[in-house]
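Here is what each chain is made of, one letter per residue.
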Amino acid sequence: MIRALLLTVALASAACRAAPPSPGQRSGPTVAGLEGAALYARYCTSCHGAQGGGDGVNAPNLDPRPRLHRDPAWSRSRSDSALAAAIRDGRGRAMPRFGRTLKPHEIADLVAGLREIAEKGNRP
Amino acid sequence: MASAEETTRTDSAPAHDDRERRALGWMDRLLALSSLGLCALFAYTVLAEVSPEWGPLQREYGRLLAVDPSGKGARAPRGIQQIHVQPLELVDRCTSCHLGADKPRVASTGTRAVLAPHPGSMLELHPPERFGCSSCHDGQGRATSREKAHGREANWAEPLLLGRFVQASCAQCHARASAPRAPDLRVGIATMRRRNCAGCHVVPDLDEDRRFGPDLGRIAEKTSRDWVFAWLKRPAAQLAGARMPDFGLSDREAASLVAFLFSVPPPPRPPAAPVAGKGAEAGRALFSESRCITCHAVQGKGGTLAPELARVGSKLARPWLEGWLRDPKAHDPATIMPRFRLSEEQIGSIADYLGEEFEDEDAERWQRAAASALARDREASAGDGRKLALHYNCAGCHSIADLRPAKIGPEHTELGLKPVARIDFGAKASLPRTRLAYLREKLRDPRGFSKGLRMPRFDLSEEARESVLVTLLSFKDRRYPASVRAAGERRPWHGRPPPGPVGELVRELSCLECHALDGRGGTLAPDLSLEGSQVERPWLARYLAQPTTLRPSLTERMLQLRLRADEVGLLVEYLVAARRADGVKSARELFGAAGAPDPESALHGRRIFHERLSCPSCHATPHGARGYLGPDLSAVGSRLQPGWIYHQLLDPVRARPGSIEPRLGVSPADARALAAYLATLRAPPASAPTETSP
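Line by line, the protein sequences are chains Z and W.
For the first sequence, position 89 (counting from the first letter as 1) is numbered 89 according to the working numbering, and the numbering increases by one without interruption.
For the second sequence, position 107 (counting from the first letter as 1) is numbered 107 according to the working numbering, and the numbering increases by one without interruption.
Think of the hints as simulated: they come from the structure by calculation, not from any bench.
Values in this document were obtained by computation on a predicted structure and should not be read as measured data.
The reader is advised that the hints may include incorrect statements.
[Said to hold, decoys possible] Keeping only pairs whose Cα atoms sit at most 20 Å apart, straight-line, the calculated EDC-like set for lysine to aspartate or glutamate is: (1) 418/W with 477/W; (2) 103/Z with 124/W; (3) 103/W with 106/Z; (4) 103/W with 80/Z; (5) 103/Z with 89/Z; (6) 103/Z with 651/W; (7) 407/W with 205/W; (8) 442/W with 414/W; (9) 103/Z with 661/W; (10) 329/W with 504/W.
Generate the whole structure from the sequences, applying the supplied hints.
Next comes the structure, spelled out in structure tokens:
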């Protein structure tokens with residue numbers, strides 16, 4: 001009887017004390033990725049392509065051609081601040097600067113979005 | 001007395017004693033047990049108090065901070081943490097465990113999700129001290145244990161929202177149709193509007209009085225019984241992207257509805273002689289010139305404002321089609337299709353084209369199936385059909401005889417708070433008992449819960465259903481004070497035409513289905529609120545008479561309505577006189593007394609355009625730029641007023657909200673030079689712009 005009671009208490013306390021979430025456990029897209037994806041679709045796909053393939057409708061007219069973003073190796077070769085700087089200040093003459101149009105937190109979201117696109121690599 | 005008692009006791013002593021001892025034994029044991037239980041409970045409470053769930057987390061966070069090179073001297077908080085937001089009447093203790101949520105990342109962690117910073121930049125836009133946590137994530141902010149705080153208790157009305165479902169909370173302060181950073185909410189409410197959920201339910205944000213399906217008064221003139229039967233049985237099979245849901249009708253029911261619809265006498269209409277066209281080829285040219293696919297799709301390619309046309313040739317009766325093309329709004333006053341000013345011969349040619357080239361390859365099959373079903377169900381009566389039409393509220397979307405629309409479904413206003421206990425899971429016993437699980441299943445299989453349910457099945461992709469789910473969960477009102485709500489965001493669904501004759505024309509042409517005036521109207525085409533300060537008058541007149549393509553990358557292009565000269569004049573007059581922006585310089589103010597750019601600054605501007613800025617990436621010029629994204633600027637001087645060019649270059653985002661043109665940070669001097677250059681790019685005289693479409 002006593003054992004049963006203790007067991008109940010123990011069980012109850014265990015139930016109240018469920019393990020913390022395992023790392024990386026998520027449901028749905030992350031907030032950053034979601035925002036980044038929306039901004040990317042709006043401002044960037046026309047040149048960089050919907051999947052980041054460097055093949056947007058406007059790409060054929062550009063010299064140099066827009067960057068292929070679906071390249072994990074490229075993504076790893078660039079720091080967050082380098083990517084943010086490219087978006088903020090533009091690149092060469094073909095890539096416009098967005099630093100006066102997008103807020104720093106939006107650029108940060110875009111960088112997170114770019115990372116996601118790159119990690120997907122050439123998987124569709 | 002005493003001795004008598006004594007005697008009694010002595011008499012029965014052994015048996016009595018025994019019983020008493022036994023009883024006492026039980027009592028003792030029970031007492032011992034319950035006091036033990038009490039002790040255990042007490043110990044547990046004390047233990048829980050001294051080692052709450054957040055205890056180990058706070059100690060761990062402290063250790064992480066101690067070894068974090070960037071967090072020198074920072075101390076982990078101790079004890080229950082709470083955020084109190086007075087205006088929202090909200091107390092959130094989430095940061096007792098989520099210790100890093102509102103702080104920069106601790107370098108040495110990253111694995112422990114519960115200690116990590118809030119992802120993304122949302123907290124910069126919604127600082128926790130003003131919004132707390134539970135205003136977005138729901139849950140039970142005051143609770144101090146995980147399960148309770150996450151609101152995963154049977155009777156807690158608002159369980160934790162995660163992932164895309166957090167967007168459901170945006171609607172407490174933002175309009176659903178335009179909520180920034182809430183794509184699911186925007187798609188969801190647009191989907192609900194398109195499918196006209198408000199035909200049967202009271203739906204927040206969908207309070208317009210508009211009929212969404214066609215007027216069925218002339219259905220007998222429009223098409224055949226076979227087609228209507230096949231359509232009623234399975235709309236999505238007859239038309240890709242059909243908005244009408246599947247009512248799961250039996251053959252008999254569909255036949256009754258056909259009998260009813262065809263028994264309604266069509267309203268009288270002016271007699272019209274059949275017209276002869278010049279054949280399908282001429283029709284094809286007219287079809288493409290008129291830009292029908294701005295609104296209609298053909299085999300999936302084209303607009304979404306109007307129905308897909310691919311199989312329309314096997315559906316429509318020719319006399320009806322001719323009448324419709326002659327004047328759509330005379331057939332159905334609620335239609336958004338404008339009247340193209342077509343000659344009788346042109347009408348005939350388009351009808352030739354639609355009849356010949358848009359045949360339904362599948363027609364024979366459904367015609368045969370429908371004909372045999374209709375022949376079988378001879379007993380189907382118009383009376384039964386009428387009853388069914390009332391039962392399923394067909395008038396919620398269509399205008400039919402004297403049927404009145406009714407809100408036959410439950411209100412959606414508080415759906416996001418509907419207690420799980422009041423949800424009838426019926427036959428779906430295996431579903432998790434949550435609001436979300438119920439709604440998801442309801443959208444997927446609306447009638448599966450029990451017999452007699454009326455909600456039809458909507459042919460939506462899983463993705464679209466999830467967006468609708470987010471929106472459904474957003475239907476609740478916490479009545480936050482106006483001070484925290486996003487101001488002035490609710491954009492009315494409808495445009496408001498100006499008063500007077502021009503307004504009548506605007507209404508008849510449905511201009512505001514695509515364009516907006518003063519922030520009201522469509523979003524497909526440019527806002528015309530400031531058109532009078534933007535474009536040169538002669539260009540506007542030419543354009544309205546004969547629209548050209550400004551943005552080659554778009555499929556949606558201005559319709560060729562074949563307006564008469566006096567109609568063009570009326571529209572130009574209105575736009576030029578009434579639609580002006582403040583603070584836009586005139587050519588004289590910009591270029592001095594001459595009012596024209598001098599060649600030197602034009603040359604300077606040309607260099608800036610092509611050599612210094614990224615303009616050529618998006619625009620085309622006669623001097624080598626070939627961008628495809630923004631408007632072609634080869635003849636922009638004939639189109640835009642220099643003052644507007646200047647104004648827009650200084651700050652494109654302010655000049656045209658919603659445009660994707662980035663701010664390049666052009667100085668006033670450079671903007672003047674650029675305006676001078678662009679003003680010199682003029683269309684060759686005499687060559688009227690021509691539309692060359694494939």
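Do the hints match the structure? See the list:
1. Note on residue 418/W and residue 477/W: the hinted pairing holds, with a Cα-Cα distance of about 12 Å set against a maximum of 20 Å.
2. This hinted pair checks out: residue 103/Z and residue 124/W have alpha carbons roughly 11 Å apart, not beyond 20 Å.
3. Taking the CA atoms of residue 103/W and residue 106/Z, the gap is about 19 Å. The hint holds against a cut of 20 Å.
4. The hinted pair formed by residue 103/W and residue 80/Z meets the criterion: a straight-line CA distance of about 19 Å does not exceed 20 Å.
5. With a CA separation close to 13 Å, the supplied pair residue 103/Z and residue 89/Z stays within the 20 Å bound.
6. This hinted pair checks out: residue 103/Z and residue 651/W have alpha carbons roughly 15 Å apart, not beyond 20 Å.
7. Only pairs whose Cα atoms come within 20 Å are accepted, and residue 407/W paired with residue 205/W is accepted, the gap being roughly 16 Å.
8. Distance hint between residue 442/W and residue 414/W is fulfilled; the C-alpha atoms sit about 17 Å from each other, no more than 20 Å.
9. Distance restraint check for residue 103/Z and residue 661/W: the Cα-Cα separation of roughly 15 Å lies within the 20 Å cut-off, and the hinted pair is therefore satisfied.
10. Between residue 329/W and residue 504/W, the direct Cα distance comes to roughly 13 Å. Compliance with the 20 Å bound is thereby established for this hinted pair.
Checked against the numbered hints above, the structure breaks none of them.
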